[in-house]
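Protein chains: 2
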Amino acid sequence: MAGCETPVCHISERGGLIVQTLGDNPTIITYGTFDLFHVGHARLLRRLSALGKRLIVGCSTDEFNAGKGKRTAIPYHHRVEILQSCRYVSKVIPENSWDQKRRDIVKYKVGLFAMGSDWAGKFDELNDLCDVIYLPRTQDVSTTELKELIQRMRVDKVA
Amino acid sequence: MAGCETPVCHISERGGLIVQTLGDNPTIITYGTFDLFHVGHARLLRRLSALGKRLIVGCSTDEFNAGKGKRTAIPYHHRVEILQSCRYVSKVIPENSWDQKRRDIVKYKVGLFAMGSDWAGKFDELNDLCDVIYLPRTQDVSTTELKELIQRMRVDKVA
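In the order they appear, the protein sequences are chains A and B.
For reference, each letter of the first sequence is one residue, going 0 to 158 in numbering that gives the first Met the number 0.
For reference, each letter of the second sequence is one residue, going 0 to 158 in numbering that gives the first Met the number 0.
It should be emphasised that the hints constitute simulated quantities derived from the structure, not laboratory data.
From the three backbone atoms N, C-alpha and C, an ideal C-beta is built for every residue, glycine too.
Among these hints, one or two may not hold up.
What the hints assert, rightly or not - Listed next, the in silico DSS-like pairs over lysine-lysine satisfying Cα-Cα at most 25 Å (straight line):
#1 B:Lys52 with A:Lys90
#2 A:Lys52 with B:Lys90
#3 B:Lys90 with B:Lys100
#4 A:Lys90 with B:Lys90
#5 A:Lys106 with A:Lys121
#6 A:Lys69 with A:Lys108
#7 B:Lys106 with B:Lys90
#8 B:Lys121 with B:Lys100
#9 A:Lys121 with A:Lys100
Said to hold, decoys possible - Some chain B residues well away from chain A (every beta-carbon gap over 10 Å; in silico):
#10 Ala49
#11 Glu62
#12 Gly66
#13 Ser96
#14 Trp97
#15 Lys100
#16 Arg101
#17 Lys106
#18 Ala119
#19 Gly120
#20 Asp123
#21 Glu124
#22 Leu128
#23 Tyr133
#24 Pro135
#25 Gln138
All chains should be modelled from the sequences, with the hints used to inform the complete structure.
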């Protein structure tokens with residue numbers, strides 16, 4: 000894999016990740032909306048940050064989400080600020096197009112491109128630039144489930 | 000104020016905070032539920048952490064909240080994990096009683112007890128142990144408003 004002198008990870012037969020140290024490109028990048036920051040986000044970012052020296056997060060803008068018919072509870076600038084407050088995140092950049100990933104990988108000298116396993120296989124074509132992995136999501140925790148839970152709660156019962 | 004050799008802050012006539020450096024007790028403590036971690040939480044914690052060297056957060060347990068008739072969207076252990084992922088927070092402890100604050104202040108050698116301004120005046124009696132301040136909340140951002148917003152959203156319109 001060009002750009003990565005040291006293999007970063009292997010998927011074991013049982014699906015467990017065996018991760019080796021990142022070599023000359025200790026920067027990791029991931030992308031997402033990170034709406035309603037929850038423990039699944041925090042755990043994913045913690046595990047990613049442990050794989051290298053610097054974790055860059057591409058945070059989907061409201062305009063980019065709108066183009067996908069996706070509406071968030073939290074506006075972009077607040078989602079960015081929350082990501083910036085996360086100790087596992089080194090830098091937040093806007094994600095505003097599908098095709099920026101190749102440019103970002105080159106620009107930030109990324110050694111590892113990582114996404115949640117709900118995207119498994121979708122970004123394999125980037126592995127001519129760097130390693131690509133998909134990490135398992137925290138079970139039973141997602142923004143969608145959280146929104147559904149809140150919608151089932153009565154406002155006057157919560158605070 | 001016993002326990003704090005250096006005055007920590009003064010409230011100016013216009014309500015603006017003029018904060019001096021914390022002296023011998025550079026530890027700050029605050030308490031809260033921190034349900035649905037949002038930008039108001041992140042900003043409050045950032046501002047508090049800037050006032051000293053160590054910020055301790057007492058996170059209300061589910062049992063403590065239940066006793067107040069308060070139900071959260073996010074369970075206690077997840078709220079703790081999210082607070083621990085916040086770069087402005089040094090330590091998270093459980094808040095499970097009203098009367099633990101005096102003990103915590105002594106135990107952790109706290110120099111500054113700080114709460115959001117919605118609690119203004121409610122903890123002034125602690126100022127025999129340390130300084131007490133109330134910081135303004137971020138306008139238009141609260142867990143309750145967030146829940147109401149999500150409840151107005153249709154699940155099938157969000158992701």
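Query raised in the report: Where does the structure disagree with the numbered hints, that is, which hint numbers, in rising order?
Result: 6
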